[in-house]
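Number of protein chains: 4
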Amino acid sequence: MKTTDLAENKALLIEEPVCYSDNTSPVHPTIMQALVDANSGRAHAYGRDADSKAMKGLFSQVFERDVDVSIVTTGTAANALALAAVCPPFGSIYVSHHAHTLNDECGAPEMFTAGAKVMPIEDISGKLTAHALETCLREAGIGQMKRTQPAAISLAQVTELGTVYSLDELRSLTDVARAYDLRVHMDGARFSNAIAHLRCTPAEMTWKIGVDVLSFGATKGGALAAEAVIFFRKELADAAQYRTKRAGHVLSKMRYISAQWRAYLKDDLWLEIARLSNARARELAEKLESLCGGKIVYPVQANEVFVRFAPVVIDRLLEAGHQVFRSRYDRLRFVTAWDTTSEDIDRHIAAIGSVERCPLDLQ
Amino acid sequence: MKTTDLAENKALLIEEPVCYSDNTSPVHPTIMQALVDANSGRAHAYGRDADSKAMKGLFSQVFERDVDVSIVTTGTAANALALAAVCPPFGSIYVSHHAHTLNDECGAPEMFTAGAKVMPIEDISGKLTAHALETCLREAGIGQMKRTQPAAISLAQVTELGTVYSLDELRSLTDVARAYDLRVHMDGARFSNAIAHLRCTPAEMTWKIGVDVLSFGATKGGALAAEAVIFFRKELADAAQYRTKRAGHVLSKMRYISAQWRAYLKDDLWLEIARLSNARARELAEKLESLCGGKIVYPVQANEVFVRFAPVVIDRLLEAGHQVFRSRYDRLRFVTAWDTTSEDIDRHIAAIGSVERCPLDLQ
Amino acid sequence: MKTTDLAENKALLIEEPVCYSDNTSPVHPTIMQALVDANSGRAHAYGRDADSKAMKGLFSQVFERDVDVSIVTTGTAANALALAAVCPPFGSIYVSHHAHTLNDECGAPEMFTAGAKVMPIEDISGKLTAHALETCLREAGIGQMKRTQPAAISLAQVTELGTVYSLDELRSLTDVARAYDLRVHMDGARFSNAIAHLRCTPAEMTWKIGVDVLSFGATKGGALAAEAVIFFRKELADAAQYRTKRAGHVLSKMRYISAQWRAYLKDDLWLEIARLSNARARELAEKLESLCGGKIVYPVQANEVFVRFAPVVIDRLLEAGHQVFRSRYDRLRFVTAWDTTSEDIDRHIAAIGSVERCPLDLQ
Amino acid sequence: MKTTDLAENKALLIEEPVCYSDNTSPVHPTIMQALVDANSGRAHAYGRDADSKAMKGLFSQVFERDVDVSIVTTGTAANALALAAVCPPFGSIYVSHHAHTLNDECGAPEMFTAGAKVMPIEDISGKLTAHALETCLREAGIGQMKRTQPAAISLAQVTELGTVYSLDELRSLTDVARAYDLRVHMDGARFSNAIAHLRCTPAEMTWKIGVDVLSFGATKGGALAAEAVIFFRKELADAAQYRTKRAGHVLSKMRYISAQWRAYLKDDLWLEIARLSNARARELAEKLESLCGGKIVYPVQANEVFVRFAPVVIDRLLEAGHQVFRSRYDRLRFVTAWDTTSEDIDRHIAAIGSVERCPLDLQ
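In the order they appear, the protein sequences are chains A, B, C and D. Per the working numbering, the first sequence starts with residue 1, numbered consecutively. Per the working numbering, the second sequence starts with residue 1001, numbered consecutively. Per the working numbering, the third sequence starts with residue 2001, numbered consecutively. Per the working numbering, the fourth sequence starts with residue 3001, numbered consecutively.
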């Protein structure tokens, strides 16, 4: 009996990391072409080439105001550099329990801030709430020498659970932050997906409602390695170039990173990709719900789907060799990307369906 | 009179950063092709793809023994991570006065080591000497609580002045280091050029004579952004993955960095490029010497040429808009790369010659 | 009505910080005399005087084995130096939610470790449990690059809630720590009170059950400023002198700190003081329980008493000008010390009693 | 022959560290009495006692303007905290080659600033010159991303070689500092001796000529352990309490440090001691000059004397067991203190004289 299942499983086997993470997709062809095109002639290094010098103008256009920019190659670097700009060594940064900055960067914020505290507070579906934030701040011992001092909040938009703050939710948080003189950092590793969901402008989702510094990611959206720290307050950007260099994050052949950004932002490619991957995620979620045993855990608002299954279902998938991402609490996480197809989704549905139908003779 | 000179100058004008730095050259076509080839299908992120997992084996082959490897994208990151592996916060690292780690990394070694001292000692043509090192160590206050403790030496091979340590010179340094229980770091941003000059094996120039950790660079040699920290002692590598992640230097789409390394090392491309750029540097040096006013300052052993001119000559070149690199003490630095041609060299000779011949009516 | 109460209150007013903290008491006369006695003649500085050199031997006797010692002047310094010895920058230190190292040192552990994470886990009455520790460790992502790596636990004995771990409780924790290759730090700011409660030897409460490094405090016990880091593993002490100096914690006239330690440890003065203050705390707790509204919150095992009152009672005490320490959740914390008398205790009982009896017409 | 000499030597033997360092002297009786007097009753901890709260006022009086103050117990802590207030992690601090902050604090400035560079520049008799400073600053690469950015100068007044900057010399330095927007730190471990030498006011030697932050030491002047960071710019003091706490430098029983300061500053005790020890240094220097072989190396302007002897003389003194401080280049350093007597001085003269007269049959 079990043999048959495994045979069926084998036919459906997902060996590639499909819908596993948006980091597993290749580079979008338009962006790769931009790299190839950039590869001619000499150009000054360390960001002094024409393309890189144009970055400030490019992002200022996207955000409808003058911004300062540091271009880097990883989201962890972008986050840590942004946080170092808003938090002193004796400061605290408030984040959700699920925050990438808390759990998944091996202490990069601590390294770049020279020892600040990243403090998790309660969230709802990955989103900080103004209430939880204010409660913490009231007990934070502001002005007390023995306590690290509240300096910033860092929120992910899209959150680590695939949810998206509404503009009102963001504003209620930034209002509290302002009231307590905290700076606001937005981790926008999936910034484009949030914009696509909210159908607002980048300006509306950031500085217009009180975001001070943004990590804007293109890598998950289809770049090879292109991230940016966007500073909406000039004074926060003053030290940025030194901090970036000192962390080893100024690439000598910067033109190739700038070229990725230019291609990504041109003709709204970034939004087109985000809309597509968001749509694929909804498609996947709908089909997952049609399976008897799955339950979508968080609202699917961007390109991530978290679904809860009986542990035995997940165990079987993994044992059979399927490349699926098991998140905490017996959930599977799926992430769609620019290259996700309906066929990819159907393969997952088939694979899970096949395992679900197995007699539960295990355990 | 002067007008004529400027007109002539204009015709010869070097607007591109030719021979300005090996960082200004484009990516070598073979390496760019490797990037294009790597761009198909999904692959696991953060170094868990097949290509990246093969890196350890690849470098172990190059170095003829088991090594550990951290792949990063900048030389500054490679150096700082290497130094963090060999020096505690209360340690000292001995370098030359010209060291990149001392002058050109905005304090990256200090950041990554959490505050160690980078201590310059006397050098000859950019090279540390065993004598100067030993003199410093004798007065370093080893075991005295108030003194930072000697922990490592860091030497650049090729040096920042374009010279290359002989194997004997290296050995005499590592002998002193061993006698004082110091670790040895080699900054090999231009490792290939040194190997091409010495005609020895990578093993002979590193672990066989006492190098503990190496920053091995491919970027200056023609890659887009590919550097590696090579650990020749297992215990130094234990913490490397955490330090690298924490510094934001683990790329999610690592396969594209690994692909560069594979292409660079394949069929001795790296050595071929190094031999070519070294030869071009010698060619440039010979022609510069034929100019009446120039004087080659250091032995030309790799792909860099330092030449001294009257300040007025340099001023005129710069005023006329030539892209030349003025180093300290009225010197021009030229760097050849994989794409440097004899025509490039001749343009420089012509440009300088034209300016030299000008009546010295300035100042 | 209220006027009368306030008048009565005034008569009972506690203006001095009595039972407020063991840090508010003066120096014990025996220890002050030792300072006066030490004040004759010249002595070498920075710990090279005879008294200071004897410290290692003195503590080795107290702990019945060879130990290494760093003498400092604050508990925060002792804790931070101890933690820096057991935790790398990319490590995590597990503590209780009430830990001084977490809440009350303004990030000293983060500063001294160069950015490690201090991670609170669930506790019972201030005590870490083996179960909570193991649960956390199982999900800590050991070996995963993106996670800070579990390196140590830090437990306070006496805890911040005035409770004392039994030897069995300690052993169950250190067993888990060993199983996961973690080091164990004990914050012994009130070490003497714990020893007095458990009636065991210092050795039994530390290295014999797996403690690796101890912050041993004398200041709260009656010294002017005398703390010690006791290393039970030689290899942890190797860097201690450099770390201590570098943090500015090596006093030039060290003999005066050593003199305090000698006086404190001589003829069991330290234990005598601890027994007395523990007894006073029990006395206070018993009398507080006799008041109608108070409720002792945690077992009184050392020299601290936490008692819950209606918020209005605490508000009135504070409004009337009483020097009482309001801890979280509408509790008063009392701490007894070497100089606490029964009269001190009775004054508190009278003051609270007087306020409690007030008609509750406030808000 | 030699036996006789040694016998004579024995009679003259200086076994105590007399004139060895001002840190080897005991606490001045007036200050010790202040400690005894402070030891009564309870007082709030961590600087909230009345005496400690009065410190700001006390120092404001001394400096004839509003100042901010952090009270600590070591000079290394005072220096490092002061430097952290004026230099970011990517900054440089210019000092003399002899600076305590460079050589004798095991990297404390690097630790407290999170990795800034302490950069030695040329000095004359321990004093920075405006010329050397400006030369360095011109080549410092201000605004260049790859260079650490000049942020501060740190000068010792008295210098590490016992010399004292004139007010004009100080002003010429602070003028350069201002021109380059650098902050000025004065290491005043022997501040009183400099004031006594210059016969100026504390205000004249500090903020009136451009000093921004001062480490003011009382320990070498006769306190047990009392140092202060004096901030002359309010904005530099904002973070001071958090940095101090985080470094473990806020003593719980702070009143005992404040008491030392009060006693030291009262009735000009501090100046009286300084005048006396300066006078003793001059006396010692004069008598040393009368010895045939000695040569005073630097102007004796405070309480330190550096004298050069033939190495054999120093060797003999040390071999015979004399407690003398051999500084670099075959010099003896003598330091006088509040308790130095003419007899102490004569003993040294006799001891050296006896050794000098020995037939030079050694070696």
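There may be inaccurate statements among the hints.
Unchecked claim - Looking from chain C toward chain A, a few residues come up when the C-beta cut is under 7 Å (computed):
no.	residue
1	Y2046
2	P2088
3	F2090
4	M2111
5	G2115
6	K2117
7	K2146
8	T2148
9	E2283
10	E2286
Hints listed in this document are in silico derivations from the structure and should not be mistaken for laboratory results. Even glycine gets a Cβ: it sits at the ideal position worked out from N, Cα and C.
Here's how the hints hold up against the structure:
Interface restraint check for C/Y2046: the shortest CB-CB distance to chain A comes to about 27 Å, outside 7 Å, so the restraint is violated. The interface hint given for C/P2088 is broken, as the beta carbon of that residue sits about 10 Å from the closest beta carbon of chain A, more than 7 Å. With a cut of 7 Å, the hint placing C/F2090 at the interface with chain A holds, because the nearest CB-to-CB distance is about 6 Å. For C/M2111, the suggested interface contact is upheld, since its CB lies about 5 Å from the closest CB of chain A, less than 7 Å.
Evaluation of the C/G2115 hint against chain A yields a held restraint, the C-beta minimum of about 4 Å falling below 7 Å. A hinted interface residue such as C/K2117 counts as satisfied when its beta carbon comes closer than 7 Å to some beta carbon of chain A; here the least separation is about 6 Å, so the hint holds. Residue-level restraint check for C/K2146 holds (minimum Cβ-Cβ distance to chain A is 5 Å; threshold 7 Å). Among the interface hints, the one on C/T2148 holds; its C-beta lies about 5 Å from the nearest C-beta in chain A, closer than the 7 Å criterion.
About 29 Å separates the beta-carbon of C/E2283 from the nearest beta-carbon of chain A, more than 7 Å, and the hint is not met. The interface hint given for C/E2286 is violated, since its Cβ lies 31 Å from the closest Cβ of chain A, which is over the 7 Å cut-off.
Hint check: violations occur at hints 1, 2, 9 and 10; the rest are consistent with the structure.
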